[in-house]
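Asker: When you get a sec, could you build the whole thing from the sequences and use the hints?
2 protein chains.
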Amino acid sequence: MDIFTAIESRRSCREFAAEPVDAAKIERILEAAAWAPSPLNTQPWKFIVITAQEKKDEIFAEAERCKAWAIEQSGWKWLHSYGLDFLKQAPVVVAVVGDPQKTGVDMFQTEGNVGYKLACAAAIQNMLLAAQALDLGSVWFTFFDRGELRKILDIPTDKTPISLVCIGTPAQAPAAVPRKPVEKLTTYID
Amino acid sequence: MDIFTAIESRRSCREFAAEPVDAAKIERILEAAAWAPSPLNTQPWKFIVITAQEKKDEIFAEAERCKAWAIEQSGWKWLHSYGLDFLKQAPVVVAVVGDPQKTGVDMFQTEGNVGYKLACAAAIQNMLLAAQALDLGSVWFTFFDRGELRKILDIPTDKTPISLVCIGTPAQAPAAVPRKPVEKLTTYID
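Note that the protein sequences, when read in sequence, are chains A and B. Residue numbering for the first sequence follows my numbering, starting at 795 and increasing by one per position. Residue numbering for the second sequence follows my numbering, starting at 795 and increasing by one per position.
For the record, the hints were derived by calculation from the structure and aren't laboratory data.
As the list makes no split between identical chains, a pair holds if one copy fits it or if it spans any two.
With a straight-line Cα cutoff of 20 Å, these simulated EDC-like cross-link-like pairs (lysine to aspartate or glutamate) come out:
id: 1; residue 1: 819; residue 2: 977
id: 2; residue 1: 840; residue 2: 821
id: 3; residue 1: 882; residue 2: 852
id: 4; residue 1: 849; residue 2: 939
id: 5; residue 1: 974; residue 2: 821
id: 6; residue 1: 953; residue 2: 905
id: 7; residue 1: 840; residue 2: 984
id: 8; residue 1: 945; residue 2: 852
id: 9; residue 1: 974; residue 2: 825
id: 10; residue 1: 849; residue 2: 879
id: 11; residue 1: 840; residue 2: 977
id: 12; residue 1: 840; residue 2: 939
id: 13; residue 1: 861; residue 2: 942
id: 14; residue 1: 849; residue 2: 984
id: 15; residue 1: 819; residue 2: 796
id: 16; residue 1: 978; residue 2: 821
id: 17; residue 1: 882; residue 2: 856
id: 18; residue 1: 974; residue 2: 893
id: 19; residue 1: 819; residue 2: 809
id: 20; residue 1: 953; residue 2: 900
id: 21; residue 1: 882; residue 2: 816
id: 22; residue 1: 849; residue 2: 813
id: 23; residue 1: 861; residue 2: 900
id: 24; residue 1: 953; residue 2: 977
id: 25; residue 1: 840; residue 2: 802
id: 26; residue 1: 882; residue 2: 948
id: 27; residue 1: 911; residue 2: 900
id: 28; residue 1: 882; residue 2: 984
id: 29; residue 1: 945; residue 2: 905
id: 30; residue 1: 861; residue 2: 905
Answerer: Here you go:
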């Protein structure tokens, strides 16, 4: 698939068919992730590929808990209608875990240890694009309590769970979401 | 260009030819950026496209100052040999600026306001891939003092400079950098 087609046709998919995903496709997606750039080529990412239903159910339950908490904190009533079923319905959930020590020179800055997160995000974007090219749907999920996710997935405390990526065959074509025109986002210094 | 080819052939380019980049290509690259996913589709990015030499020179001088500081802090002597000339030689430097208010639900978490940074990083990865497909080289640069960069680029204090992306025709083909095998990075819960 053409790179621009992949970038512009990718959508967040929140309804998945039950059919499993070929292991070879997941490997292809993770290889794409691993080609992302990172500070000093530290490659600060690891991947946990979750297909066990009971583990997905635990993640779902924790996300529901977070959602209830967020509704209370934010007062955003519309959040009630934000369904999280995709976390247990997606055939595959990949946790992307970052290593804060592999962050390059920004580890010495007071605002530091950001580089490894940005690198993990670049790896995730590669995953979403690769999934799109392999006729799979995906959604990038970031709202969870890191401590709880560490417990569920047995992630050591010196590593940071960055995001969950749900992958599977779309149950239906996800709707397009509008974008702001680029000229309104851009300033030129020339 | 095929998406997997773009992902796997992209390299960090640190030597640029002097020739300017077509404005249409820069627009195409920024459009690709704007198709990245973001929390609640907040699209938390803005772009400052810098072609003015004196502005690039200011960025370069600030980066040199940061480098000297980092060498002192880290004791990493090899940093002396890490050249920063690409910051003033690249025909175009794009500053990607994020809006911490456009971060989704994580703004209520104590570790919060991460989502908008991850989204900006996804936008940047799209930029690098788009540049690759347009036969341009690019490098993602994150090491700067945010306060100083705000001053140089007139970025308000409530916005966060995330990264600089240098873009231009490569002066020579950048070297390939090895990757760890994916099977060593992956755990399965099945």
